[in-house]
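Undergrad: Now for the letters of each chain:
There are 2 protein chains.
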Amino acid sequence: MALIVQKYGGTSVGSIERIRNVAERVAKFKMLGHQVVVVVSAMSGETNRLIALAKEINKDPDPRELDVLISTGEQVTIALLAMALKDLGLKAKSFTGWQIPLRTDNAFTKARIEEIDDRAMRAALDNGQVVVVAGFQGVDADNNITTLGRGGSDTTGVALAAALTADECQIYTDVDGVYTTDPRVVPEARKLDTITFEEMLELASLGSKVLQIRSVEFAGKYKVKLRVLSSFEDEGEGTLITFEEDSMEQAIISGIAFNRDEAKLTILGVPDKPGVAGHILAPIADANIDVDMIVQNVGVDGTTDFSFTVNRGEMKKAMEVLNMVKTAIGAREVVGDDRIAKVSIVGVGMRTHAGVASKMFKALAAENINIQMISTSEIKISVVVEDKYMELAVRTLHQVFGLENGPDAKAAVA
Amino acid sequence: MALIVQKYGGTSVGSIERIRNVAERVAKFKMLGHQVVVVVSAMSGETNRLIALAKEINKDPDPRELDVLISTGEQVTIALLAMALKDLGLKAKSFTGWQIPLRTDNAFTKARIEEIDDRAMRAALDNGQVVVVAGFQGVDADNNITTLGRGGSDTTGVALAAALTADECQIYTDVDGVYTTDPRVVPEARKLDTITFEEMLELASLGSKVLQIRSVEFAGKYKVKLRVLSSFEDEGEGTLITFEEDSMEQAIISGIAFNRDEAKLTILGVPDKPGVAGHILAPIADANIDVDMIVQNVGVDGTTDFSFTVNRGEMKKAMEVLNMVKTAIGAREVVGDDRIAKVSIVGVGMRTHAGVASKMFKALAAENINIQMISTSEIKISVVVEDKYMELAVRTLHQVFGLENGPDAKAAVA
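So the sequences go chain by chain: H and B.
Under this note's numbering, the first residue of the first sequence carries the number 1, and numbering increases by one thereafter.
Under this note's numbering, the first residue of the second sequence carries the number 1, and numbering increases by one thereafter.
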């Protein structure tokens, strides 16, 4: 008998029929003798409907009351799922965040989990009940309702699995696992049976929207065995996110992430002296603009060029800030470019294999794709290219690193 | 400075615009220096929408989970109203049932209030905040969410007023007060400035749907000053429900109630011996059929006829039960009639004035309206007539008792 935490997102519970399907899947695990805790999101569309109501009153609604409002979305789902489970003859009990209680800080709309009391859930499990928990919500020390921010239901699932020392946390979603890259771009993309936490972190933060990054961090911190599965298929083992780095079974590169949500800004002819990077980025941070990649080259003739990327929607604002900075520091020119894309290869294997970067750059060059920026970490290499080349770059790298072949083909690839 | 509890029903908060109107009315009271507690229902249609979702899963949904589900309706409204109040520059704080906490027993979907902790609300009021409370909901001793049953928001309002010893509990609705009878039937119907609790109880239980009967009982028990007002008009004092019976200002008859929701059943030729009424009604009660009026005449020739009324929808079931009873007790025949209506005159004045009944019966006879059944209490006389005469009976009685003229015309009426 195992204790399994399952998390279902909004699409998986988007209608009464789908809620019934979830109940039937839970019943299967229950019939195998497992204890099951189910974490659910609001039915798809519900959170947006509620936020729209709030925005009719005020474009910037009060955060405490916004949490009171949107937490009802998950509360509706837990009640309906518990009913559906009972309709199948199972015992079930729903829990809101405060009923657990799942304690958070008081940062409304983006609260962080502080403590989970497992006693009420444990009592229900011992009583043979399926425990149905509202994701995304908690309660602060003053009994105010809080929410964990969008996508927080993944985090709830992982946190409950940690608190209950569950055997596995299963995240059900509309894909059947983590792929080497997006199958819509590369038809040969292959589902990974396993991926390491570090790789998953890089992939999540790079725009593969399978899992919320905070939930992955949480799983890593508390050593929760995490599995991504499809809620629309009955078969399949999904992708297991592991802590082990068994290099005998691990390919050098596990996946390729990409996005075109960013814009590149460059400030040219910056006087090359200490502290200049801070002078440029401080006003950007003050304007609440998040910066992703940052590249500064060695200076030539006492000046240097400084580039960074921001979210595409914030390019205009960033340009305005930079133009003021330009005057202040005596730089020559500011240029912005929103026709860029970021492509990243990720894999713990590259730690021990030289030549991954040069292989990547050569492959792109062979397709005449110019690299505008490069940024690396221990298990990741990201490049910025002109956005029209993004798909070609992804397909090329997928092929060059043999991702369609799986771990067995590693020797040939290396 | 007074402490005022205001309750707004589903129609009064049925859209964002109407929620804004409620906020503006609350602001007026606040500006006058009063402390205000606002109790709200779910937006009109929302409770039915949620129940329909539950019934898609199971026609008879689990009651605990049904309460988890439908309590979200009021939670949405408190959040939106608190936002609207803050949008007007007021301080406000929403409270769900468990956040107060408002303790109830564990009878899901029809829970009864056991205890209200006034400390959290009091702290918010002392802090200058408008307290916005979700009506209709509470929490039991095991932290399960409960609801008070349909219309329970009135009861929440009165109970909070009692717990906070408020100066007045104002029930805002879509009518501007309690009328002598339904203005749609008698255009001359007059709004009452005051009505006694006993009269209000009789009117509420007789089908005037202005106030939920449980809330009136509650107000009487805890001596809460209750006022019914329109949420769609800015002027008007509504109707105050008083404890005083000042006969100098009180008309003999305060109002006329009526309904055609009932059916009449008669069992003919019942052997006239002790215990026979019990033999007839016990199986009806066992079948969970509520009985309203009961009439048994003195027997003739050793047999008697026994009549009673039930909800119209239960006539068929009651007939089946009675036909079995007939055989068991040796009665002659069972007849049912669903083309009936009940008309009642209500007024504390009839206690001390003889001749009210005869005046009523004469007036109906003058219009050739045959009385099928009569039932009386200290402050009420109900008659059953053929349903096609209902409106005529109500109009006739309204005129005969001078209800359109108000208390001043009392002498002439008596």
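In short, the hints are calculated from the structure, not lab data.
Computed from a predicted model, the values in this text were never measured in an experiment.
We treat Cβ as the ideally placed atom computed from N, Cα and C, and that holds for glycine.
Do not take every clue at face value.
[Said to hold, decoys possible] Among chain H residues calculated to face chain B with C-beta under 8 Å, some are: (1) Ile16; (2) Leu53; (3) Glu56; (4) Pro61; (5) Asp62; (6) Pro63; (7) Val68; (8) Thr72; (9) Ala79; (10) Ala141; (11) Asn143; (12) Val298; (13) Val300; (14) Thr304; (15) Ile340.
Undergrad: I'd like to know which numbered hints this structure contradicts. Please list them from smallest to largest.
TA: 6, 10, 12, 13, 14, 15
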